[in-house]
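Q: Start from the sequences and build out the full structure, keeping to the hints where you can.
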Amino acid sequence: MAVPVHAPRINNNDDLVKVVSLPVPVGIAVARGGVLAQVETDKAIVDVECPDDGYVISQVAQVGDVVAVGSVLLWLGRSADEAAPATAEPASPTALEGSARSGTGPTARARLLLQRHGLAPDAIPISADRLTAEDVERYLAARDSSGTPSIGDASFRQARPAANRPDIDGELHELSGNERGVLRTVTWSRDFAVPGYIEIEYDHGAWESHAAAFSTQHRLMLSPMLALMAWRLVQLASETPRLNSTIVGESRYEYRSVNLGFTVQAEDLLYLAVIRDAAALAEARFVTAIADVQRRAVAHKLAHDELSGATVSFSSMGRWNVSRHVPVLPPFTSLIVAQARSKSGASVLGATYDHRVLSGFQVAKALHQIGKPPTSVDRPESKS
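Note that the working numbering has the sequence shown beginning at 294, numbered continuously upward.
Everything labelled a hint here was simulated from the structure, so no lab data went into it.
Simulated DEER-style distance windows between Cβ atoms:
hint, residue 1, residue 2, range
1, G363, P459, 32 to 40 Å
2, A324, Q662, 45 to 53 Å
3, R458, S635, 38 to 46 Å
Ideal Cβ positions, reconstructed from N, Cα and C, are used throughout, including at glycine.
A: Spelled out as structure tokens, the structure:
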């Protein structure tokens with residue numbers, strides 16, 4: 294059975310990559326781990342590795358193509374003469390939008406419209422196997438004609454003047470993929486969320502002692518303190534679904550799993566690496582998972598599903614002696630917790646939160662719970 298090899302997401306803010314190399318011709322055998330392609334963003338060139346032994350039976354993309362993240366680059370087969378699927382996905386972003394592919398979710402343009410108008414994908418009728426921008430536009434037109442607004446409509450947002458150039462002489466420069474992603478995040482926070490910020494001081498020494506004991510028990514080389522604090526956030530989000538939710542239209546949308554976003558600085562790129570279904574992991578496995586994504590983020594080797602889908606997040610700038618860290622809320626989340634150091638040297642936990650979902654009291658309570666490390670009595674039983 295033919296296996297597709299997709300264009301990877303190199304960082305959370307790039308929706309497109311450029312194909313710079315396809316070293317294995319069609320009909321040639323390749324071993325698992327071999328390099329099948331190289332793709333590039335503004336910041337990095339990454340190898341696309343072979344998922345299993347096989348033969349390249351079709352190359353959908355060509356060197357020099359700019360393709361959508363998640364589109365098929367090539368097909369692998371069990372034998373050199375195996376036929377690639379007749380409905381092989383096109384690599385170009387424009388063609389990708391028009392294809393109907395079962396089980397792949399909304400198209401990129403449809404996702405942008407859903408985000409812009411605060412809509413849930415399963416609320417919109419689809420005309421094919423995949424939700425398209427045209428489906429969303431038809432739904433919006435029908436809804437608007439009925440006079441029913443949503444949280445994303447212009448009537449719910451403060452009017453803003455059109456962007457104008459400054460009077461001072463200068464020149465325009467296109468934003469990089471990373472910069473466009475930051476712009477999208479900030480725009481979502483501006484147009485939809487109602488962000489608040491709270492911070493508390495906590496006992497850093499207690500957490501250091503807890504982390505040291507955990508490190509000794511599990512024979513770790515580096516301190517797991519930040520990972521353990523993130524684990525505490527995961528537990529709270531699992532116990533209190535409101536922390537792990539967002540607003541869709543005029544309803545609270547509670548996620549079924551806790552996908553923990555954890556910020557990693559890799560040179561001049563900031564990743565929000567995602568541990569999916571984090572609450573299902575045992576504490577030690579979660580700490581190992583955090584260490585693993587940190588290593589691969591630094592090497593720009595994160596997988597596609599590790600760069601999107603955070604439902605609650607944790608960040609730290611304590612090692613840079615930052616006295617206050619007020620992070621921007623990731624889209625479709627209600628809470629991101631940040632660890633830093635105050636000017637007095639005290640350790641600080643802060644949180645940016647969506648006030649449509651959470652009150653200041655609820656966030657302060659969560660921060661106080663995160664600020665206190667669990668005792669042996671508090672520890673949940675280990676999960677497999």
